[in-house]
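Below are the chains, spelled out letter by letter.
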Amino acid sequence: MPKIFEEIKGKKKAAQEELERLGPGVANTDAEMVNYAWKSVATFLRVYKNSLNGIKSSEYSSDPISASIREELTILYK
Amino acid sequence: MINFPGDSTIPGFPSIDAFLSLLNPLLKRLQNPAYEVNNKIHEILETEAMDVINDVMCTKYPEFNSRFKDLIRKILDKYRRNLESYLNSLLDSELFYLFTNDINYLVGDFHKVADSTRDKAPKNPLVHELRKRIDAYYKLVVRNLRDLIPKQIFNFLIISCMKELEFEAFQFTSDVNKLKEWLNEVTYYLFSLHK
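Listed in order, the protein sequences are those of chains A and B.
Yeah, the first sequence ends on 78 if you go by the numbering used here, and it's all consecutive.
Yeah, the second sequence ends on 273 if you go by the numbering used here, and it's all consecutive.
One thing to keep in mind: the hints can contain errors.
On the chain B side, residues computed to face chain A include the following (Cβ under 7 Å) [to be verified]:
#1 K118
#2 V134
#3 L149
#4 L218
#5 V219
Source of the hints: derived by calculation from the structure; they are not laboratory data.
Note that beta-carbon positions come from the ideal geometry of N, C-alpha and C, so glycine has one too.
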């Protein structure tokens, strides 16, 4: 019996972790779907624009790319 | 100089054909770095866009994410090709038409434009004169392109491209029937089960 309980606990924990990783529930209605799509596209555009302008976003871990673009432009014909 | 003697009626003046034949190979060398920087910046933008999508978008809708990535790639590539064609015509204009409004060049004060020829001893005055003119003109072209190409790259690949990207991205989300098809978790779970 204790072995079975341990196994159930382990599986429950794994399932919870997987659910957390997947984020909020599935968009079922049309409005939810459009809302999800708009939200994710808007987040992408905001983070991408910030990266091009040299601003670090809290949603994205890497450094902005503006410096590497500027570096490429500076070394042209040097 | 031997191949392009110039106008025999005005002895002592360097021939324009000699000037062109020596200058054109130098100007042709400016083409590849411009195309390379265009490709390099396009690559940086595309890699960053894909990384941002992977980082900020939910992984349980692989179909939606993959369609969005394709859209971004298509727009970035369109602007890369537009810029390439613009750079092509810009570099051709430098190659096929010689013109400058630089006052130092126009009054014949080449030393202010091309410092590198100052120390070379003038064994043949005609050759020295031609070298000064070529160096001065080449430096003017490089100086102008070093300013103009980065501005155009920024304008095409970043400002104009971002405007279209924003418009197309929101158009992408406007069709509910397509969203129903793309925002489907089943594909993700099938993929996870087969892993």
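Q) Quick check: which numbered hints come out false for this structure? A) 3, 4 and 5
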